[in-house]
Amino acid sequence: MVPINVEVPKGLLEIKEEPLIERLICQLHEVGIEEIDIVVGFMKEQYEYLIDKYNVNLIFNKEYISKNNLHSLKCVSDKLGNTYIIPCDIWCRKNLFSDHEWYSWYMVTDEENEISSVRVNRKKELSLVKKGEKGNSMIGISYILYKDADNLKRRIMDYAEKIEYDQAFWEIALFEKKHMIIGPREVKKEDVYEINTYEQLRELDSDSDHLQSDIIQLICEIFECTETEVTEIKSLKKGMTNRSFRFRCRDKRYIMRIPGEGTDKMINRKNEYAVYECLSGKNITDPIVYISPENGYKITEYIEDVNVCDSEKPADVKCCMAYLRNFHEMNLQVSHTFDLFEQIEYYESLWGNEISAYRDYLGTKKKIYELKRYIDVQPKQISLTHIDAVCDNFLIKDDRIYLIDWEYAGMQDVHVDIAMFAIYAMYDRKQIDELIIIYFEGKVEPKVRIKIYCYIAICGLLWSNWCEYKRICGVEFGEYSLKQYRYAKEFYKIVQEELRKDGLKNV
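Numbering that gives the first Met the number 0 puts the first residue of the sequence shown at 0, with every later residue one more than the last.
Derived from the structure by calculation, the hints contain no laboratory data.
Every clue listed holds true.
Straight-line C-alpha distance at most 16 Å; calculated EDC-like pairs for lysine to aspartate or glutamate: (1) Lys264 to Glu347; (2) Lys251 to Glu303; (3) Lys488 to Asp427; (4) Lys312 to Glu433.
Quick list of simulated restraints, FRET-style, between CB atoms: (5) Glu444 to Lys269: 35 to 41 Å; (6) Pro378 to Arg247: 45 to 51 Å; (7) Pro378 to Val307: 30 to 36 Å; (8) Gly182 to Glu353: 44 to 50 Å; (9) Val30 to Asp391: 47 to 53 Å; (10) Arg324 to Leu498: 24 to 30 Å; (11) Lys187 to Arg245: 27 to 33 Å; (12) Asn195 to Asp77: 27 to 33 Å.
If you're wondering where the values come from, they're calculated on a predicted model, not measured in any experiment.
Virtual Cβ for every residue (Gly too), placed ideally from N, Cα, C.
Please take these sequences and the hints and turn them into a complete structure.
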């Protein structure tokens with residue numbers, strides 16, 4: 000829930016000076032329910048006081064950053080049985096709980112909306128809605144009897160084991176074909192509210208202290224507007240390093256970036272600011288409204304009706320490589336560099352006392368450093384390089400392309416950007432060779448191609464080290480992290496094969 004959720008977890012938002020989660024706990028206590036388990040993740044420390052105040056149990060979900068609430072429920076699946084399942088962002092006007100429930104149910108309201116995926120049908124079942132149909136508003140509160148608990152546990156575990164359900168809501172485990180396996184409990188819409196947005200909080204309690212968000216205040220200062228003019232706030236998909244949200248101010252939409260946890264160790268915001276100063280007025284990136292060189296807060300104009308580059312569409316790739324080549328030909332200069340080997344060492348230093356998850360890491364790293372001798376003697380164009388020139392950062396609108404998110408940018412051999420595009424897209428060698436040909440418009444010298452192979456290996460280890468640091472912080476990147484390490488090993492071998500074929504050595 001941006002922007003408030005940057006400063007306080009949702010469960011501690013206050014309505015009428017009462018935290019949401021405390022109201023829920025008290026309502027449960029009123030009907031005699033004392034055994035309460037709370038799954039925590041984001042800002043978990045802020046919930047600690049509840050242990051002393053209400054004698055609750057806190058269960059930490061170490062996967063909370065990278066996975067959705069299906070995995071939170073998995074953490075307490077062994078406790079299911081005559082159990083309420085309650086999201087922490089719910090406000091119940093009156094007590095909707097009971098000391099005894101007669102059947103397992105999932106709560107919906109009598110309000111219909113286009114967001115819901117279920118409706119109460121004539122048989123009093125919860126059935127999936129068809130595309131374009133409205134459904135009953137889903138609240139997220141449920142009650143599971145003992146007799147239904149084992150089935151639900153099994154389904155939760157089955158879904159949680161599959162990577163394609165990492166972002167799934169727990170309700171997916173309730174569906175069997177086109178119906179939920181439990182019945183509905185329908186309540187009036189005015190009896191229960193789910194607080195998902197800043198505007199919903201404002202509507203329910205316009206005097207809530209949590210509306211006094213530093214981020215909203217900053218927006219008001221930048222745009223010289225009132226809080227009520229900041230509307231349509233919508234959280235966007237999390238990136239690998241940041242949280243972002245879209246909002247409207249008056250007649251225009253914008254995106255605000257909030258740097259994620261731990262990014263202060265990984266991104267030099269003053270360097271990023273200098274890059275945007277260099278790019279200013281050149282129509283290369285999305286229009287910048289505001290950027291702070293201190294904390295990295297950034298506001299850009301929201302570009303309507305754009306598509307992200309699809310790395311599997313040749314037409315998209317061809318356009319983006321042409322755009323990247325034209326940018327490189329501008330030969331822009333800044334005062335800082337992005338040194339690949341320094342960054343490999345730096346990301347490794349962030350591990351602290353931890354060692355690599357890869358048994359042969361030290362041997363792999365030694366081989367990667369062998370490639371430095373070859374790279375050092377090759378011709379290079381050293382100028383402003385994006386470093387993170389991946390498909391997701393190319394926005395295509397009609398015949399315009401915008402290259403966004405310049406957090407890592409600095410002076411480097413521009414051909415590093417080709418390698419970065421390739422390894423993020425997880426291309427195989429054939430696709431990488433095709434990419435190189437596209438960038439150079441069919442004319443590429445063997446030594447240049449081998450140099451790019453070197454960069455693929457080096458950048459693979461670089462991002463593998465980055466992923467290992469994020470893993471230590473509790474963020475997993477699944478196949479991506481493993482693939483980066485494989486690039487380091489496999490393309491080292493490819494470079495050696497190519498050098499032997501040409502009768503060359505690393506130097």
